[in-house]
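Chemist: In order, the protein sequences belong to chains D and Z. Count the first sequence with the numbering used here and you get residues 1 to 133, in order. Count the second sequence with the numbering used here and you get residues 1001 to 1264, in order.
There's no promise every hint is true.
Below, a sample of chain D positions facing chain Z; criterion: calculated Cβ distance under 8 Å [unchecked claim]:
| hint | residue |
| --- | --- |
| 1 | 18 |
| 2 | 38 |
| 3 | 51 |
Treat the hints as calculated values from the structure; they're not laboratory data. A virtual CB, placed ideally from N, CA and C, is assigned to each residue, including glycine.
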Amino acid sequence: MAYTYGNAQNAAERIKEISGVNPLKCMKCGKCSATCPAFNEMDIKPHQFVTYVQNGDIDALAQSKSLWKCLSCFACVERCPRDVKPGKLIDAARQLVVRERGQNYLEADEIPELIDEETPQQLLVSAFRRYRR
Amino acid sequence: MKYSYYPGCTLKNKAKDLDEYARASAKALGFEMEEIKDWQCCGGVYPLGSDEIATKLSSVRALNDAKEKGQDLITVCSACHHVLKRVNDDMKNVEDICTRANNYLKLDAPYEGETNVLHYLEVLRDEVGFDEIKKKVVNPLKGKKIGAYYGCLLLRPGKIMAFDNPENPTIMEEFIRALGAEPVIYPYRNECCGGYISLKEKDMAQNMCEKIMDSAKGFEADMLITACPLCMYNLRKNGNGALPVYYFTELLAEALGVKEEVAK
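Use the sequences and the hints to build the structure in full.
Modeler: Quick look at the structure:
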C-alpha cells in the first residue's frame, strides 16, 4: 500500500482536491498522450489517468512507473482542449505517495553517483522537490 | 530604471556566466538590477498541489521584498521565473493560498500579488525595446544562424506565464534579429529537454535532447541559445553534440561589446 487515506474512494477524492482537476470534463480525445514526450516510458498513459481516478483505482496509479516519468513540461496542460490538466493529476498521485514517509523515489545517498562536474543546482533542487518529501 | 533582481541558486554557481553577462548587458542598456537581500531558493519547480503552501513561501518573500521597494522583479533563470510568476498568480487569484501564505509570513501588510514579475527577455522587449537594442549593438552577429530553444518553463501554462504565444513564440527570434543574426525556426524549439529526469533516467533525456538538436540542425542552425541552466546542461551533456549551446545573455553581451568586461 503506497498511501494511507483509508480507502480508495478517499484517496481518489484527495487526488481531486490536491490537483483541482475535475476528471468528468475529459472527453477522451487523447491529445495529452499524443503530445507527452514521456509517453513511451509510461505504463499508464496521461489520458488513462483520468479514468483511473474516476474508477477509484488508486493503487494502480500509486504503483505506476508513470509517476516518475512525468517531466512537468506542461505540454498536456497547455494542449488539453477541455482544460482537464492531466499533468496535475499525475502530480497529485505522486504527492499522495511521497508524502508518506519511506516512499521517496530519490534518496540523498544516491546523489554522489548521479552527478558530475557540470550538474546545475537547479537539477538537484527540482528532482528533490518532485521525487521526495 | 531600477529593478529588483532574483538570481536564484544556479546563477550563483554553475550558471554564473548567465548572471554576469545579464548584469553587464543591463548596464550597457541603461537599467539597473538590484539583487534582493537574503533571497532563498525557489525550489526549481513550481509546487502543483493546491494545498502546497510552505514550498511557496520563499517566492512570496522575494515578491514582497520587491513590492516594498516599489520595483518590478526581474528573473533571468527560466525556472525561477516560472516558479515566481506562478506563485504570484496564486497570491493574486487563489484566495485560500493567499490567506494561508500570509498567515505564515505575518508581513507588515499582507502580500496579494502586487509585484510585476518580468523575465529579462521581457524587459528587453517591453521596456528597453528591440529597436533600441539594435541601435546599441556595436558588434552585430552577422551571418550567424541561431536557433532559439525556449523549452517549457518560459511558455507554459500560457495563460499564467503570459510570456508569448506558447505554441508559436517570437520573442527570442526578435532578440536574435536585434543582435544582427538570423533566427532559425525549427519544430522542437518549445518541446521539453527532459528537465530533472536526467538525474535518474539519462537515456530519456538523451532521446529528447537529440531530437531537439537534430531538429535545429536539420533547419540549418549553427547554434542554439537558451535562458535555462538545466536546458543548457541537458542539451550539452545529453544532446549528440550536433550544435553548440549558449546562454542568450552571452550573445547579448558580445553584441553590445561588453563580453570582455565579464571576468571569466
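Chemist: For each hint, tell me whether it holds in the structure or not.
Modeler: The hints, checked one at a time:
Annotation: residue 18 of chain D was flagged as interfacial toward chain Z, and the flag holds, the nearest CB pair being 5 Å apart, inside 8 Å. Residue-level restraint check for residue 38 of chain D holds (minimum Cβ-Cβ distance to chain Z is 7 Å; threshold 8 Å). With its C-beta approaching chain Z no nearer than about 20 Å, residue 51 of chain D sits outside the 8 Å limit, and its interface hint is violated.
Checked against the numbered hints listed earlier, the structure breaks hint 3 alone; every other hint is satisfied.
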